[in-house]
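J.: Here is what each chain is made of, one letter per residue.
2 protein chains.
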Amino acid sequence: MLAPNNPALKSWLEIPASSDFSIQNIPFGVFQTGAHGPRGCTAMGAYVVNLGMLHDLGYFNGIVMPPDVFKQPYLNTFIAMGKERTRAVRQRISDIFKANSPYPLKDNSEHQQHVLTPMYEAEMLMPVFVRDYTDFYSSEYHAFNVGTMFRGPENALMPNWKHLPVGYHGRASTIYVSGTDVHRPFGQLKADDSDPVYGQSKLLDFELEMGFIIGKGNEMGQQISTAEAEDYIFGMVLFNDWSARDIQKWEYVPLGPFLGKSFASTASPWIVTLDALAPFRVAGPPQNPPVLDYLKYSGKKGFDIHLEVMLETEQGHEKVICQSNHKYLYWNIAQQLAHHTVNGCKVEVGDMMASGTISGPEEGSYGSMLEITWRGSKPVEMPDGTSRKFIQDGDTVYMRGWAEKEGVRVGFGEVKNKVVNRS
Amino acid sequence: MLAPNNPALKSWLEIPASSDFSIQNIPFGVFQTGAHGPRGCTAMGAYVVNLGMLHDLGYFNGIVMPPDVFKQPYLNTFIAMGKERTRAVRQRISDIFKANSPYPLKDNSEHQQHVLTPMYEAEMLMPVFVRDYTDFYSSEYHAFNVGTMFRGPENALMPNWKHLPVGYHGRASTIYVSGTDVHRPFGQLKADDSDPVYGQSKLLDFELEMGFIIGKGNEMGQQISTAEAEDYIFGMVLFNDWSARDIQKWEYVPLGPFLGKSFASTASPWIVTLDALAPFRVAGPPQNPPVLDYLKYSGKKGFDIHLEVMLETEQGHEKVICQSNHKYLYWNIAQQLAHHTVNGCKVEVGDMMASGTISGPEEGSYGSMLEITWRGSKPVEMPDGTSRKFIQDGDTVYMRGWAEKEGVRVGFGEVKNKVVNRS
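Heads up: the protein sequence lines correspond to chains A and B, in order.
Taking my numbering as reference, the numbering of the first sequence is continuous, increasing by one, and the terminal residue is 1855.
Taking my numbering as reference, the numbering of the second sequence is continuous, increasing by one, and the terminal residue is 1855.
Chain A on its own, in the form it takes in the complex (with noise of 0.2 Å):
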């Protein structure tokens, strides 16, 4: 039996190269289509794999699990089951796909029509319940950018930023599933000679992040160590916090940001393993000045996982606007939960905590239009002629991410959403 990571695996489904869903990945996702309501999933190449089915079937026959575990809206009862066994079901589908698998899926066409659905036919839903959202800080050319251009680059960083992940909670309730259509916000708006105005955002803005999901709650008033940190977290998202910084820009003093992010955030549907990201593990960048000790940590807890953000016109035309990486995070999602519990805090399974922009060192890898065109003052060029300083009507904003190493690709799919305007 091979370790589901295992680069040697391959299926006896027929899974292109260039797919995100290779046999190593195996995420879990929760999806519908017309003949059924919301099933846990898996993906595998360019099928939705209906884990409920599969259940049904007795393919998950040994592993102790309650019978409607993928027959719910959200994956958090099966998340909660623990990595133990969530793990162990993770390696049955592997065997279960694997190239002589000893399972009779690959051999039963009947089986395969109950249990495959191409993925045009399915309409993937939000993966997780999310309890509670916080919202990291954590890449440093992100915070050194944005603090340039509204403090010089002397007094970027504030003078917490190398001490702790500087996060805030945001609005779990409007987070949406990829798809969702976000709508152009309105608010207090407000120039700087002038009283504020009621209108929409004129500002509106991505920010390409990752989300971790909380697999494993703790106790009120129980830390979790960087060395555990992991055993809490589940997988991870792509992510999108949508922010309108006009609005957020005349209401954050003192008290943080709010209606300029909780119009909407949006989440890729599948929800990536730690374990499926195990190979892509590398060194976090060095921290100076040191860390207190509750921030310490060994081993690599970086990933190297490519991101990108392509914007598409409402005509369709398209452009790649930023290349990343989730390495360029300064603090890593250890040090981001460690950092979250110190003061007692408790998590809780379906917790969704997002990186902050990831943007790299140079121009290419910023994460947001509001770095990609330095506040509006080098606009990005369209292939049909026009040009954006933010995001307009009918512009579709596509993030992507996958890690890849020696032939085996381990991807996110995208999260993708549409602007749209009711006024």
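Source of the hints: derived by calculation from the structure; they are not laboratory data.
Just to be clear, a hint being listed does not mean it is correct.
One copy or two, it doesn't matter: identical chains are merged, so the pair holds either way.
As the list claims (entries may be wrong) - Straight-line distance between alpha carbons at most 25 Å, and here's what the computed DSS-like set of lysine-lysine pairs gives: (1) 1681 x 1594; (2) 1622 x 1594; (3) 1634 x 1594; (4) 1778 x 1622; (5) 1821 x 1634; (6) 1622 x 1538; (7) 1728 x 1648; (8) 1622 x 1728.
Starting from the structure of chain A, add chain B where the hints point.
T.: For chain B alone, coordinates are given in the frame of chain A:
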């Protein structure tokens, strides 16, 4: 049939005049005992009234409700039935308990034994599953006091403060019910001239607030006007927004409060409906400069609710250290909700929106230790000769609130929590 608020209503059950839970109140909560799990309930004088049992016994016949609506861990399903039906339930409860009630409870001692639990035998639970939590900052006196301490009286209020109800996202899953011990949090603390250190908060504080609970959701992109807002609000609770001032001070720039708040917030277990509070409406303060159109409102949107904070030492020495009032809020709850949704933000049944610290205009009415002791410069003298700059281990903070008029008292009970130290 007299409406539930009618001051002429008396109950066949003996209710002391000093009780928060007059027959005119009829708040909603969730309790359990050793004999049964969570049950929706109301309070009548010194008794918890088991609504699940009343429902089983047929007392709600004629009101369409799921049979298990009061046998769930939270009231969300009940609240989501809508005001027409929850009002019918409140009217029915009033009719069951009024003098000369046509319902059999008043003469049926077996039914009474099933339905009535003395309050001291009931364990009160969180009344709602808080889907998302927002904290506003709506008391001018509080914002002015805090601003004065940090920036002087000329710059006390930020430029946006009188143009919009400043608010921020808080952590919903760490809101605990009254009675829960609060752990003194650890975190990063930084004195002005030295590097940050890891340690326990020394400046632990309460914030006297009230929270309102959303009773009806909107759609993504749909604004709620000030005129409609109260249709979306089910009722209110007392709320203690515990704050670690030292942790907060170092972490909060530029994205707002995080770990200085997320270790715990606490709420009173009884939700008093807006209907029960209707007789206590008062005009709000004049707002100058004039607000934008979407924040304009008509009618009396303030509430004359007396609020107080009592501090009790571990040895049982008590002192009332604050007497304030909900009417001191500059921004009312209709404006808060209209602002919250002006950007199209979706709200959901069970969302909690707290007021921010409710300080009054003079000393004695300040709603936090930070203000009461003016950053520790005027310690509170306790009856046992000890003094307090902030909250000490073993101290219990009680917050109470009630409205009173024409001999009718409608109260919230209390939110009471002891500070413990696990180090």
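J.: Next step is simple, just say for each hint if it's right about the structure.
T.: Hints versus structure:
1. When the C-alpha separation of residue 1681 and residue 1594 is checked against a cutoff of 25 Å, the pair qualifies both within a copy, at 23 Å, and between copies, at 16 Å.
2. In the homo-oligomer, the alpha carbons of residue 1622 and residue 1594 lie at most 25 Å apart only across protomers (14 Å), although the nearest pairing inside one protomer, at 32 Å, exceeds that limit.
3. In this assembly of identical chains, residue 1634 and residue 1594 lie within 25 Å of each other by CA distance solely across copies; the values are 23 Å between and 32 Å within a copy.
4. Taking the shortest Cα distances, residue 1778 and residue 1622 sit within 25 Å of each other only across copies (24 Å), while inside one copy they are farther apart (38 Å).
5. In the homo-oligomer, the alpha carbons of residue 1821 and residue 1634 lie at most 25 Å apart inside one protomer (10 Å), although the nearest pairing across protomers, at 47 Å, exceeds that limit.
6. In this assembly of identical chains, residue 1622 and residue 1538 lie within 25 Å of each other by CA distance neither inside one copy nor across copies; the values are 62 Å within and 61 Å between.
7. In the homo-oligomer, the alpha carbons of residue 1728 and residue 1648 lie at most 25 Å apart inside one protomer (22 Å), although the nearest pairing across protomers, at 45 Å, exceeds that limit.
8. Taking the shortest alpha-carbon separations for residue 1622 and residue 1728, only the inter-copy value of 19 Å comes in at or below 25 Å, while the best intra-copy value is 42 Å.
Against the hints set out earlier in the document, a violation occurs for number 6 only.
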